[in-house]
Amino acid sequence: MTESLLSRYWLERLSACRQLFVGFSGGLDSTVLLHHLTLQAGLREKLHAIHIHHGLSIHADAWQAHCQRWCDARSIPLTTRQVKLGNFSNIEEKARIARYQQFSSLLSENDCLLLGHHADDQAETMLLQLLRGAGIDGLAAMAEEDRLAKGWLARPFLAFTRQTLEDYARAYELDWIEDESNQNPHFARNYLRHTVMPLLRAKWPSVATTLMRSASHCQQAKMNLETLAVMDCQCLTEQNDTLPLSFLASLDRARVGNVLRVWLKKNQVRLPPTTILRRLIDELIFASQDANPHVQWDDVEVRRYQRALYLLKHQKATQSRGKQRWAFFPQPLSLDGMGYLYAEPVAKGLKVPAGSAIEVGFRQGGETLFWHGQTKQLKKLMQQWRIPPWQRDSIPLIYINGCLAAVADYAISDYFLGSDTAYQIQLRTDSIESCIF
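Per this note's numbering, the very first residue in the sequence shown carries number 1; after that it's consecutive.
Watch out, some of these pointers could steer you wrong.
[As the list claims (entries may be wrong)] Each computed PhoX-like pair below joins lysine-lysine, with the alpha-carbon atoms no more than 20 angstroms apart:
id : residue 1 : residue 2
1  : Lys265    : Lys222
2  : Lys323    : Lys379
3  : Lys94     : Lys84
4  : Lys222    : Lys266
Note that these hints are calculated values from the structure, not bench results.
Can you make the complete structure from the sequences, with help from the hints?
Quick look at the structure:
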């Protein structure tokens, strides 16, 4: 068998990548994929296999040993990772999430992870999504290419059936692992594979490629809807946890729902069930404007305040925090779970008298700030600055010798405003490494 399973597009696309990581379970799909890549000039030296040891089978150690021998025989480096999945509820989903977490941790910029999913896998995925009542995102099933962590995810075999891969494996006399759990009809995918798909294939022999083609149509529709959402709401061009309602005022319910879905996806939030999405539209978009409603699911919450929606994830309580010394001012200060405080030199800003004690705290209630020639309650100022109520206790306050001197990102007390060696205080969620050049 000499014909390449990889099109010119894939060969050129993969040649441009830095490293090629192949998810290698030792099964048919990944064995054919890894073997075929070793035959491609210019790609072999980039190959690196990854085996995930789930510990779910009594044969897991033997499978890992098989993968190691297979790679050693072909001088392909292999990385193995072991994961713990806990109890057996929803074990398929837990295993999938654990795999992708391990894959993601290995990818650097311009690296590519390749997986051996084929047309039969795609057909099963689409049927599962249909039976779950999924929308266009679910029916789009698996994409041929997608972003993953710092790199890329590729599935170059989606156009080929399992039979094509079996024919390839036999032509090259390849041996592979058969996971006994793939025969268990308790799992929905296995039931479709061994009971439903044979019936469909008997009536419609090309059912797998036909369903794969439908998934491709859904992927195109999904991209078109994402383009429409950006046209309706220009702020969706980048990740932003705030969504101004002014963009939605002239849209009907269907297009509002489309904008919300794309906004959540841009912020790496798993889409909620249809019932939750309806609540977002009814309670946050079209509810009385004098209310400040919120909708919560999983570890996510969406709130409405001052004609905008705010997305909250894993909000961290700060009320109980004491003050923290900024001992090495103006070097960045780490705030646990929040990011870093930066003191940026500016022409006019926070002036720190020599020998001063600098501390950082959070609102406890009753604070005042001497600002614009008046002593004002911090609570009133935060209302004036339109800071959402749930964010007010998370705004860092800078104290100099026990006196409130600045509110990070918002204001500097007149008492500490100067133009000689002055600073602007900002809170950022990036890491300290981003400051090192």
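Tested hints:
no. : hint              : verdict
1   : Lys265 <-> Lys222 : holds, 12 angstroms
2   : Lys323 <-> Lys379 : holds, 19 angstroms
3   : Lys94 <-> Lys84   : holds, 9 angstroms
4   : Lys222 <-> Lys266 : holds, 14 angstroms
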